[in-house]
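Could you slot chain B onto chain A? The hints should help.
Okay, here's what each chain looks like letter by letter:
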Amino acid sequence: MKQGGELPWWIASIGVALGIVLLWQVAADRGWVSPIFLPGPDRALAALREGFAAGGDLTLHVTTTIEHMLYGWVLASVIGIALGALIGSSRRARDYLGLTLEFIRPLPASAIAPVAIAFLGLSQPMVLAVIAFGSVWPTLLATAHGVASVEPRLIEVARALRLSRLQVMFKIALPNAVPDILAALRYGLTVALILAVVGEMLAGQEGLGHRIILAARSFRSPDLFAGVILLGLIGFTSNALLAVAERRLLRWQGR
Amino acid sequence: MRFPRGLVVPLLALAAAEAAMRLSGLESDSIAPPSAIARAFATALADGTLLQATGETLGAAAAGLGLGGGAGLLLAIALGLSPALARLMRVPVDAFRPIPSVALIPIALLAWGFGFPMEIAIVSFACFWPMLIIGQAAIAGIEPRLLEVARVLRLSLPARIGKIVLPAALPRLFVAFRLATAVSLIVAVTVEITTNPLGLGYGLMQAQQALEPDRMFAFLLWLGLVGWGLNALLLLAQRRLFGRAGWVAEEVR
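Residue numbers (this note's numbering), protein chains in the order written: chain A, 1 to 255; chain B, 1 to 253.
Only chain A is shown next, with the shape it has when bound in the complex:
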């Protein structure tokens, strides 16, 4: 099976994906599924082309969604790494905060949206607050775990070298946590995209989340599918970019 290398398998796999798209087209053309909620890929692509053409609004919505996702994610990552480092490096902080964190963590991040709306209204800051709150947890917990799980002998070395707490943090503990942090950042970005869409659906201003819910309300299914395809692309691309960055940054591990 391995004789031909991987390439033929990739081509075959792309073929399978194209086959699914073809099946989708046939299902839409033959009217197997109501065209009200399943437009063919041809109509979805036409809606995409139209949306990106001059006078179309897709560019605006796509950049808005990406901005929401990135701003919220950066905010969450900075807070998550800082708090995670604090909590991970102090036994006492873990004792005092452990229960609180354990309670908040399984809370669905979108459940914080009504609270955010109550304080911030249906606004951009509300969207960012929801994204930041939701995607802070993976990073915070991974950083705390990575910082707390430093090899004890390294701590002994640090003590022998009389490093200060701050030096231990930046020279030993945080580097030790980097693999954990990077994996969590990638997951956090996925969460950020989901919550960007949720926030936009609720806030009803700009962004793909708002646009697809609007398209559904006015039964414009090609526009709806165009938006979903774009969201899939944003998710795929952002994940792939971070995966590449992760591999680059972790090359020293020699795995």
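It is worth saying that the hints were derived from the structure and are not from the lab. A hint or two may mislead.
For the chain B half of the interface with chain A, some residues (derived, Cβ under 7 angstroms), not all of them [claimed, not checked]:
{"id": "1", "residue": "Arg22"}
{"id": "2", "residue": "Ser24"}
{"id": "3", "residue": "Leu26"}
{"id": "4", "residue": "Val93"}
{"id": "5", "residue": "Ala95"}
{"id": "6", "residue": "Leu109"}
{"id": "7", "residue": "Trp112"}
{"id": "8", "residue": "Ile186"}
{"id": "9", "residue": "Thr190"}
{"id": "10", "residue": "Gln208"}
{"id": "11", "residue": "Leu220"}
{"id": "12", "residue": "Leu223"}
{"id": "13", "residue": "Asn231"}
Every residue, glycine too, gets a C-beta built ideally from N, C-alpha and C.
Same frame as chain A, now just chain B:
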């Protein structure tokens, strides 16, 4: 017994919130003192709205978990046992997985309107992926000698899956199930908050729109308790059922 330190922060926060609200005499549409939240919680519990909403949310989550998780498990078995099939499905899986489940809310809304079916459909989509990805890795990672034994014994495919594959992969499959359960609750609540007039998510949204912060926070705290309890229950089950194997499964995830 020493006072558990984990309780200090939450209790202090509650006391501070209560004191601040009392002293400032603030009347707010967005926050409420803990005592009012406790009263609202008792009211919602007594009139049955809280439990009904919990039942709706958990019901939709469980149905979606069963449908989507079940489908994910079936495909995981197929792809885990057949490397050729796994390679063929690589591109389609990579193409569909990054679609955020919430993006499908409008599509499900068009197809089914408001109600349980659309919520269950979206929860299913979301639960499908963790079950498929972790399950496939678990099954592909089964000790090859076990599969050789199955071949030597000339077990039929169902017997091979039932007697060798599933038991061997069970600890990691349970980890996948636990994650999918967490996902199902999160997605169900998200669907309710954004669109669907059902369950705890809608209760939260309604309380916010009615400017009843005490009720909103009561629902929020309850939701946190439900999520925490569900996770704790499954962790306990994992420890009881699999012991050390459960921890190993967690590590290699």
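To see whether the hints hold, each was checked on the structure:
| no. | hint | verdict |
| --- | --- | --- |
| 1 | Arg22 | 20 angstroms, violated |
| 2 | Ser24 | 16 angstroms, violated |
| 3 | Leu26 | 13 angstroms, violated |
| 4 | Val93 | 9 angstroms, violated |
| 5 | Ala95 | 6 angstroms, holds |
| 6 | Leu109 | 5 angstroms, holds |
| 7 | Trp112 | 9 angstroms, violated |
| 8 | Ile186 | 4 angstroms, holds |
| 9 | Thr190 | 4 angstroms, holds |
| 10 | Gln208 | 4 angstroms, holds |
| 11 | Leu220 | 6 angstroms, holds |
| 12 | Leu223 | 5 angstroms, holds |
| 13 | Asn231 | 5 angstroms, holds |
When held up to the earlier numbered hints, the structure conflicts with 1, 2, 3, 4, 7 and fits the remainder.
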